[in-house]
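There are 2 protein chains.
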Amino acid sequence: MRQSSGVSCQSSIVNRQSVDILILNGWVLTVDSRDTLIENGAVAISGDRIVEVGTEDALTASYRATKTIDARGGIIMPGLVNTHTHAAMSLFRGMADDLPLTSWLNDYIFKAEARWLNPESVYAGTLLSCGEMLLSGTTTFCDGYFFEDAVAAAVQESGMRAILAQGIVDFPAPGVPEPNDNVAEAVRFIETWKGKTQLVTPGLFCHSPYTCSEKTLREARKVSDQAGLLFQIHVAETETEVKEIEQRHGTSPVQYLDRIGVLNAKTLLVHAIWVNEADIACMARRGVAVSVATESEMKLASGVAPVPEFLKKGLAVGLGTDGSASNNNLDMFQEMDTAAKLHKVKTLDPTVLNARQVLALATRSGAEAIGLGKQIGLLEAGKKADLIIIDTHKPHLTPLYDPVSHLVYAASGNDVRDVIIDGRLVVRDRALLTIKIEAVMEEVQRLARQIAS
Amino acid sequence: MRQSSGVSCQSSIVNRQSVDILILNGWVLTVDSRDTLIENGAVAISGDRIVEVGTEDALTASYRATKTIDARGGIIMPGLVNTHTHAAMSLFRGMADDLPLTSWLNDYIFKAEARWLNPESVYAGTLLSCGEMLLSGTTTFCDGYFFEDAVAAAVQESGMRAILAQGIVDFPAPGVPEPNDNVAEAVRFIETWKGKTQLVTPGLFCHSPYTCSEKTLREARKVSDQAGLLFQIHVAETETEVKEIEQRHGTSPVQYLDRIGVLNAKTLLVHAIWVNEADIACMARRGVAVSVATESEMKLASGVAPVPEFLKKGLAVGLGTDGSASNNNLDMFQEMDTAAKLHKVKTLDPTVLNARQVLALATRSGAEAIGLGKQIGLLEAGKKADLIIIDTHKPHLTPLYDPVSHLVYAASGNDVRDVIIDGRLVVRDRALLTIKIEAVMEEVQRLARQIAS
Numbered sequence: 382m383r384q385s386s387g388v389s390c391q392s393s394i395v396n397r398q399s400v401d402i403l404i405l406n407g408w409v410l411t412v413d414s415r416d417t418l419i420e421n422g423a424v425a426i427s428g429d430r431i432v433e434v435g436t437e438d439a440l441t442a443s444y445r446a447t448k449t450i451d452a453r454g455g456i457i458m459p460g461l462v463n464t465h466t467h468a469a470m471s472l473f474r475g476m477a478d479d480l481p482l483t484s485w486l487n488d489y490i491f492k493a494e495a496r497w498l499n500p501e502s503v504y505a506g507t508l509l510s511c512g513e514m515l516l517s518g519t520t521t522f523c524d525g526y527f528f529e530d531a532v533a534a535a536v537q538e539s540g541m542r543a544i545l546a547q548g549i550v551d552f553p554a555p556g557v558p559e560p561n562d563n564v565a566e567a568v569r570f571i572e573t574w575k576g577k578t579q580l581v582t583p584g585l586f587c588h589s590p591y592t593c594s595e596k597t598l599r600e601a602r603k604v605s606d607q608a609g610l611l612f613q614i615h616v617a618e619t620e621t622e623v624k625e626i627e628q629r630h631g632t633s634p635v636q637y638l639d640r641i642g643v644l645n646a647k648t649l650l651v652h653a654i655w656v657n658e659a660d661i662a663c664m665a666r667r668g669v670a671v672s673v674a675t676e677s678e679m680k681l682a683s684g685v686a687p688v689p690e691f692l693k694k695g696l697a698v699g700l701g702t703d704g705s706a707s708n709n710n711l712d713m714f715q716e717m718d719t720a721a722k723l724h725k726v727k728t729l730d731p732t733v734l735n736a737r738q739v740l741a742l743a744t745r746s747g748a749e750a751i752g753l754g755k756q757i758g759l760l761e762a763g764k765k766a767d768l769i770i771i772d773t774h775k776p777h778l779t780p781l782y783d784p785v786s787h788l789v790y791a792a793s794g795n796d797v798r799d800v801i802i803d804g805r806l807v808v809r810d811r812a813l814l815t816i817k818i819e820a821v822m823e824e825v826q827r828l829a830r831q832i833a834s
Numbered sequence: 382m383r384q385s386s387g388v389s390c391q392s393s394i395v396n397r398q399s400v401d402i403l404i405l406n407g408w409v410l411t412v413d414s415r416d417t418l419i420e421n422g423a424v425a426i427s428g429d430r431i432v433e434v435g436t437e438d439a440l441t442a443s444y445r446a447t448k449t450i451d452a453r454g455g456i457i458m459p460g461l462v463n464t465h466t467h468a469a470m471s472l473f474r475g476m477a478d479d480l481p482l483t484s485w486l487n488d489y490i491f492k493a494e495a496r497w498l499n500p501e502s503v504y505a506g507t508l509l510s511c512g513e514m515l516l517s518g519t520t521t522f523c524d525g526y527f528f529e530d531a532v533a534a535a536v537q538e539s540g541m542r543a544i545l546a547q548g549i550v551d552f553p554a555p556g557v558p559e560p561n562d563n564v565a566e567a568v569r570f571i572e573t574w575k576g577k578t579q580l581v582t583p584g585l586f587c588h589s590p591y592t593c594s595e596k597t598l599r600e601a602r603k604v605s606d607q608a609g610l611l612f613q614i615h616v617a618e619t620e621t622e623v624k625e626i627e628q629r630h631g632t633s634p635v636q637y638l639d640r641i642g643v644l645n646a647k648t649l650l651v652h653a654i655w656v657n658e659a660d661i662a663c664m665a666r667r668g669v670a671v672s673v674a675t676e677s678e679m680k681l682a683s684g685v686a687p688v689p690e691f692l693k694k695g696l697a698v699g700l701g702t703d704g705s706a707s708n709n710n711l712d713m714f715q716e717m718d719t720a721a722k723l724h725k726v727k728t729l730d731p732t733v734l735n736a737r738q739v740l741a742l743a744t745r746s747g748a749e750a751i752g753l754g755k756q757i758g759l760l761e762a763g764k765k766a767d768l769i770i771i772d773t774h775k776p777h778l779t780p781l782y783d784p785v786s787h788l789v790y791a792a793s794g795n796d797v798r799d800v801i802i803d804g805r806l807v808v809r810d811r812a813l814l815t816i817k818i819e820a821v822m823e824e825v826q827r828l829a830r831q832i833a834s
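Taken in order, these protein sequences are the chains called C and R. For any residue, its number in my numbering is found by taking its place in the first sequence, counting from 1, and adding 381. For any residue, its number in my numbering is found by taking its place in the second sequence, counting from 1, and adding 381.
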């Protein structure tokens, strides 16, 4: 028996449905397509699913819960979806900044990766990043790197949801010294992890059209299509890349990928900065999704992706942090803020990418972009229970006229209080429940001392 | 008796000089012109001044302190200097976003200011902002607004250092219904506050060349020159302003101000976005300083100030947050991060505005820009003791290769642990010691409910 309002009476208590968790006393931002905001809202969770979203009055009348969480007037919202990162690169955070891209990559990052990546360091770096992401409200991320089995092990331990892919490049890579084995290694990773857990979904990650041959790209695409898994690729990241691809293949990176059959609806193009109108039309035609990593793209001086044009064409766009060696943190709140502001100043139009649109990019649209739109990204009955509670009782979030404005323009990851993933509480009052973060920080700092020396 | 290293022995203890505060066990970033970084550093403070900066070994051998503060391996650095804000505008934070500038100002901000500003609301809004600034590591700010006596009262209560100015515009303003009284009201404010306290320094603030007549600007400049006080003015903020001034006066806003004698070394030009080469040359010739409010300028889609060019010409440049109605927070760490990244992506050059340069803008150079360069902005013997301690023992600040990189690219205001201003501890372990922030938040939220209704 349900009642839509009022205090539950004795007769209703006996008839109330049992749920595992009831979150009460918050502004519920569902981030559905109607931007539903429920003041004095509540969410009921059973197992790994959301059972109902509604007013506190209605839900307390309908449900009794094993565990009740008081949001204390804060914001209850979907967990953030980081559509592009290399989690283990926390190992190199702040090791090298403010350098030309080629020097940063060739003189620092590639050398450090070749020397210091191994399953143990990748595991430690990933676990650190999972801790950082959880504490800043990210519940799902999409990763591509090397020693990806170690990434998957860390993700499992953290309790996060993730799309993980073993990196494919046509030169000797950490853990894959023989480039001819690169696709086979990615296939082995997929076979190991497909269906193994609820939370880890494997995918494919070809580094770029300039580091992978046509043969490699076609093979990886084929694997992706046969297994029904996401195919990620960095593309059109710099002007230099566009010139190189045009010289080699006589067309733009996006249209080159299309010509060789790489673009379809299970494709996530990462960056897509240097794209022209024909490229965008092609992307829309193929139904590809895009991940923009605004802060990293700014820091590396790559350029600004035409996000408003992507949205006009109906592309699914997600936000990503990229690795923390080029950001240098994994805070998706800062990513929302910067994305909104950058496009306003680029177009000299303050109405471009409003707060509601940007919040959707970091949640619902990001989930769609990585192929998880049916499971996560918004709060509604039947969706996986991935949600976060924001503590708004802080000077920088006072006063509160509009929760969405605060989330995009005033909050930071540090305002996240609780995190639930797949119905499981993984952060409570800013304490990580799944990761022994002190030990992880100590281990990564120990590795960094070796790397620096 | 001093010793440069080693544990102090009994004989040195008896000869050690007494100081009030000794901060130990941190990376000391002096932000002096040589970017001095002292590992295992310490700072000795007596009264309102820094007595010595050096290694922990040297300072523990030389001084015994009434109070010892353990930085626990974090960063000890100068407090941040916010060179432009309207502190009381926290009252309107998140009230209206994503709007064309004219609609935002005319339909929301000006109306709300006319209806809701009074000494009590300005006091409450300012005190809230002081709490927010202190908790995010800002020790000094430069403000221009209305009912500035109430601002000064709040600043005094907070223990912050500030340059405060009563706003001058040639139309009826909150608290100054008769525009003819605007300069007289500013003079009255100066007379009330000049020399009254160590921490509050009055100044002049003319709103802009398009809202103040030549007569008003000349009068205000004269007052500023006679009293030796900073003259602030918004200038060249939008393309529209430039066109309007060119139509009215036949030249650019900067050169118009120069022609009427407004520009000299005691001048802070705020924004200075739409300036040409001749303007910059003129600014350099007159020795004016500039405040850039990157995040606010992005959010309002005003444009990007040519900061690298300003620096090449040797101008003193500071960073500012602007009011929190157009930012929407007062976090100077985010301001550093965004400024560094924005100029890189604008120029497509990742070496532009490196982390060291940006950190200087937010401290030493900002202090110079508002005329306090002799007192604050870096850590050295004799300077006022305005400093902050950053807690780096956090996942997003791990590992630590380079403290400066973390401060600019990875940290946020929330990582500030302790704040000392003028030798007085005002934040300890993230607790505000001068402001009853719960009551202030409640009052501002109460006001916001009225404003929203």
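Honestly, the hints are just simulated from the structure, not real lab data. Be aware that one or more of the hints could be misleading.
Each pair may be met inside one copy or between any two copies, as identical chains are not told apart.
Lysine-lysine pairs mimicking PhoX-like chemistry, simulated, CA-CA at most 25 Å apart [what the hints assert, rightly or not]:
| no. | residue 1 | residue 2 |
| --- | --- | --- |
| 1 | 693 | 727 |
| 2 | 727 | 624 |
| 3 | 603 | 624 |
| 4 | 575 | 694 |
| 5 | 817 | 624 |
| 6 | 693 | 647 |
| 7 | 448 | 577 |
| 8 | 624 | 596 |
| 9 | 755 | 577 |
| 10 | 694 | 492 |
| 11 | 596 | 694 |
May I ask which of the numbered hints given earlier this structure violates, with the numbers listed in increasing order?
3, 4, 5, 7, 10 and 11
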